[in-house]
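Protein chains in written order, with the working numbering: chain A, 751 to 1146; chain B, 751 to 1146; chain C, 751 to 1146; chain D, 751 to 1146.
It is possible that some hints are incorrect.
Given that identical chains are not distinguished, each listed pair holds provided it fits within a single copy or across any two copies.
Claimed, not checked - No farther apart than 16 Å at their CA atoms in a straight line, the calculated lysine to aspartate or glutamate pairs in the EDC-like style are these:
(1) 1104 - 876
(2) 1040 - 975
(3) 990 - 1030
(4) 1031 - 933
(5) 861 - 837
Think of the hints as simulated: they come from the structure by calculation, not from any bench.
Chain by chain, the residues:
4 protein chains.
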Amino acid sequence: MSLVASDETRFPPITRRLRLGFVGGGRGALIGQVHAMGARLSNRWQAVAGALSSDPEIALASGRDWLLERVYTDYDEMAQREAALADGIEAVVISTPNWTHKNIAEAFLKKGIDVICDKPLTTMVEDALELVRLQRDTGLIVGVTYPYTSHAMVRQARELVLAGELGRVRQIHVEYMQDWATEPDDPNFKGARWRRDPQRMGRASATNDIGTHAFHLAHFVTGLEMVECRAEFHVCGAPKAMEDTAFVQTRYEGGVPGTLWVTQAAPGNYCGLRIRVYGDKAGLEWDQEKPEFLRFNRLNQPETVFVRGHGAGMVTQAERLITLPRGHPEALSDAWANLYTEFAIAIEARRNGKSVPAGLLNYPSVADGARGVKFVDACADSHEAGSVWRDCKLVI
Amino acid sequence: MSLVASDETRFPPITRRLRLGFVGGGRGALIGQVHAMGARLSNRWQAVAGALSSDPEIALASGRDWLLERVYTDYDEMAQREAALADGIEAVVISTPNWTHKNIAEAFLKKGIDVICDKPLTTMVEDALELVRLQRDTGLIVGVTYPYTSHAMVRQARELVLAGELGRVRQIHVEYMQDWATEPDDPNFKGARWRRDPQRMGRASATNDIGTHAFHLAHFVTGLEMVECRAEFHVCGAPKAMEDTAFVQTRYEGGVPGTLWVTQAAPGNYCGLRIRVYGDKAGLEWDQEKPEFLRFNRLNQPETVFVRGHGAGMVTQAERLITLPRGHPEALSDAWANLYTEFAIAIEARRNGKSVPAGLLNYPSVADGARGVKFVDACADSHEAGSVWRDCKLVI
Amino acid sequence: MSLVASDETRFPPITRRLRLGFVGGGRGALIGQVHAMGARLSNRWQAVAGALSSDPEIALASGRDWLLERVYTDYDEMAQREAALADGIEAVVISTPNWTHKNIAEAFLKKGIDVICDKPLTTMVEDALELVRLQRDTGLIVGVTYPYTSHAMVRQARELVLAGELGRVRQIHVEYMQDWATEPDDPNFKGARWRRDPQRMGRASATNDIGTHAFHLAHFVTGLEMVECRAEFHVCGAPKAMEDTAFVQTRYEGGVPGTLWVTQAAPGNYCGLRIRVYGDKAGLEWDQEKPEFLRFNRLNQPETVFVRGHGAGMVTQAERLITLPRGHPEALSDAWANLYTEFAIAIEARRNGKSVPAGLLNYPSVADGARGVKFVDACADSHEAGSVWRDCKLVI
Amino acid sequence: MSLVASDETRFPPITRRLRLGFVGGGRGALIGQVHAMGARLSNRWQAVAGALSSDPEIALASGRDWLLERVYTDYDEMAQREAALADGIEAVVISTPNWTHKNIAEAFLKKGIDVICDKPLTTMVEDALELVRLQRDTGLIVGVTYPYTSHAMVRQARELVLAGELGRVRQIHVEYMQDWATEPDDPNFKGARWRRDPQRMGRASATNDIGTHAFHLAHFVTGLEMVECRAEFHVCGAPKAMEDTAFVQTRYEGGVPGTLWVTQAAPGNYCGLRIRVYGDKAGLEWDQEKPEFLRFNRLNQPETVFVRGHGAGMVTQAERLITLPRGHPEALSDAWANLYTEFAIAIEARRNGKSVPAGLLNYPSVADGARGVKFVDACADSHEAGSVWRDCKLVI
């Protein structure tokens, strides 16, 4: 193995906790709390303000739950007030329903506040491109929370590919399998409702919800841009207005073929996000439900399993994300913490007018978010046109 | 679990060993020896005659290796002479290159000798249909060796599906992954050469070679007929004249969607044949490299793993195939032995003019063989037409 | 399965963050940071003060690293000052070398401050008993950080046993395997040095360090007290003054036999803590490196695997600890957070003069800590006497 | 990896099938049929004669089942008649109850017939030593059927150890876990009855039945002789006259410590025979229920998994036993076939007055059988004396 940890710098030490605000995440919502957990575990943030719900009563109650100092019922008001405070928030997390991301992000960016936005970035490509332009024009940080690529072993996988350890990449397969949509939606779970409502969800449902994770993972690990896709949408679970399953054939730059398959109606699958990449020298496989292990197989050699931890073949870019020693398992909370560590470093540097060493950070950018939106749009186009090939490369 | 072993009969006891002949399988060929191994392990056959190679020298040497009583250099001569002998062979195994199966099968069937033919049955649909007709007209036994569906746990999977334990089947996924075609073919391995020669292999290579196994497995486990497919062929390994990789989208009767994916160029995969079937009540998964286990997941229940062995939820149709107790692992030799057990029972009954109890045997028939040929043909058609949907249902 | 989630209360909501102080954990120490991480992730604590090192320079630098408000260089001074402050710490975490635990705990308890102490509680049985008495006399909370029993699936395992799902427990096996002591100690790793120094470590090394975890896990899951043990100590890694490996035969109340085996010199093992419990109706197995899964096997039934998450057979006592949905893996950080959640609830209730519902909390008590010390002592006695049986039941 | 397949010779080709006789194995017995299966699959034997039961009626019926040419009801008569025939048997398989092995083996050896004997070789050490002497005096072949060490991956494990890939061996752990004795014995299963009868089984039950397998596996893989053991016997399943569980502490030559643990009362375990060996450079693990894989871990390196098949790091001594390519799983039938292949080669060479190249064969010898008997005896002695250390080294 020619890969050795290089001398590249570690993350800078923690000197203070940045002030963080939240839009979305009130009682009954899961994902906002997961963001907060990642921020907390990273130890680089303190949650101080929030507009956790558009329902004022829930917003207030949730603000108390979160021990926030300042609670808002309206994100616009929050953006204005926080921007005006000397010790206002230094970044905002947006974890509201998808179709509201764009306006909220815009409101904060226009006030000079860095944005951490849940995926998908927006429901429409044009909105995503506007955010890309706004980010470029303002120079602010806009991060998108695809947390899975912040696992140390995914970073390890990426470096193996980029270092040529697989040879030339020849095929790429990703899948994300769940089972909760097998049954009719729980009427008490608001998220399930809007996820199947074309008015709000946009042109696709499962493809948006979990397909974007699979799409980003494939792009991140291989460094290759997906250029074309061909999708079939299906309803394999309880009857519903939008797809819960999508089979996508994919083509990456250089003509590399692949598949991307998502379903929310496969009993016995919870968050079965898996990637398999095969080159002409070796292959690799990773499964998010067993995130500590990376299977790596050189052709005609015994199998190799990398296990997260210092040493034992880990590369610098992965080592940097390690908190606990090998065998003390890390998991999803830790991946979110890694993500929030990178956001903090980027945002603190920007605020201090400092630059970050090239290659130090690898959080998903606004462009990565826009790529996902374009992918979903191309899948929907393809499906509606009878599953023909559609261009899905984002042109910024 | 409502499934319990029923009172159905066990296999009849062994009373004598049937005489078996072989065409193909000479020195340098693997699969003929695997057939012989299965026949031997079943204890219901004795190998007595063979035309193991078209090269007379190899035929004779191989015949000695196999300790055969009668060695031929020509299958036609073998068919005639054996048919004329009082103690001639009672069945012939055909494990020659694919494009020769049809003529050889015909030669033996016309002499009244039952046929056990390797897959794919033929390289052309019309040839397959002729064999189907010839079988029907003669009433002889024609079995096709898809061995994987003779694993006890595949029988268990099938019965779970047929008994409705998964609810209505909603999606079907099969894959077969190998890695030997990543590199240029070994010039000493004859099989690799003809597998990539369109003149001999027919319209597809990997799809023929391993796709037919995946196709049969999906059909066998679910009991559903595939009606349409849409294929993309790729070369992902060393350059070659025919595909080593195929991504196929599939549709089964009743509109059930699925995927079928095969590759011979995925480093670190050996014989990665896997099936995943999801219904509206439960799902199941089976992997031929770990054939003793069947993962079965009811929605919102703890996971269930069936382990091969008497009792513990095994159904009659699977129990019948069990030789060794739970924990004494069986594997591929045992699956081949099961197949040869069923062939022997069918052929002995036919020769004795007896009937076999309904449901006792489940070996792949000539129609199953022809279905596979039709599937390959439809994939090739689809690919050549730009990966459009093609009808792949066999009409006999 | 007769086990269903009962109506027992959930954990009370968070209303404020308790103020936490730390003794130990300065630069170069790992475990103090893991405590801090668990406290942070639980969201029920804020770290405000610390005496992180006995070296004043390190203490100050480490205090800055941790963003503490008040930094001390002496734990005694810290105890006095914090006790005197209106907003002084509400609990102290002790993560110093083992032989210092007792005096530090005493100093804080005498000032009325609740204590969270790393394992082993002390190095001598008499010291442990003094702390037990001091806790009883003061009525303060003393928790001991055996984090593994705060995994949801370990709670699930315990409830299965206590509910009689395994029948009568007949044998109990625990092991904890690591590999870092295979090689000579890293001279830069202070912890390795004192771990092999009988003057400081007490009468055993690996048995103290990881044996206590295995001991507690067995006790916790089965609810049975270990009454006798017989130990053999070995050095299987690089030469050293104390054992890195111990094979212990064990006997629990009711005459239940078992084994307990620990080593720090088994290459390829990182934190291989595993428990296997067998009753006359069923058995279970859990592995801390794959903490999300609990294998449960009823005799003559298919295998069952419980997967952490709401529903699907999880009992209330395990459900209560769940943060993320099934398939979003939790791991060691989450177990520590669970532990710190329980400490916070216990301490806040005590400070408020409230009682906690019976069965709500299950953190390791000072008596659990003392049991571990007694076990180590009995093992050392046994080994020194030629591996004879020794009583290891704690009499308080 | 410095290990490469050497130029050592392959097994000689098959030129004829040796004639094999059986004592034991009649209707209702399992193990005789497993022997026959291995012999058949090896293709180097034909079963021609047998005294399958001491009950004449069963002997005759079983002989018909087995399609034998010559059926006896008395082993003595069989030995005499077969020895007198020009085409009499060339070896006899003994798979009768343990306490009868010695007299039967003697009867055949005295007639000049090579012996293949099931384990344990005898129930008393003195009997075993007599067979050792008789073998030495006659120069005949006496093999003992410990089949697990005939798995290719166990041979691979052994060669890794012998080649020094693990460094100096520092600890050795074996276990064999089953669950069938959890419940009262099935009154229809004769084998269960005599297995718990001290008059017939000898001084130990589970230790004899499965402990000998674990003992031989440890010896085979490490090449080290066990010199001392200390055993505790338990009944952990249904009440019975002899132990169903034994915990043994072990010491090998050079002072290498270890554990050996067997139970037949651990629900959810079928044939859980596992070995773990740790040296000062690396460790290895193998599990007979997943016999195709060998986990090998160098200290501070990524994990390595060897998968059975040609190439990919397999050594000559393991390669030689490979029938099917990687990914076409072999299992227990194949291990038995390997054993019968080696017996055939040894016996044919002896009969032809030829020698076998050194290192070509590795079947368990009569001395290996005697070692197992001595081990069981030492365990029983140890247990009865209060679990003190007992010498268990065989002195021939």
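Against the structure, the hints come out as follows:
1. 1104 - 876: neither (32 Å within a copy, 57 Å between copies)
2. 1040 - 975: neither (26 Å within a copy, 34 Å between copies)
3. 990 - 1030: Classified as between: cross-chain Cα gap 14 Å, same-chain 42 Å, threshold 16 Å.
4. 1031 - 933: between (43 Å within a copy, 9 Å between copies)
5. 861 - 837: within (14 Å within a copy, 37 Å between copies)
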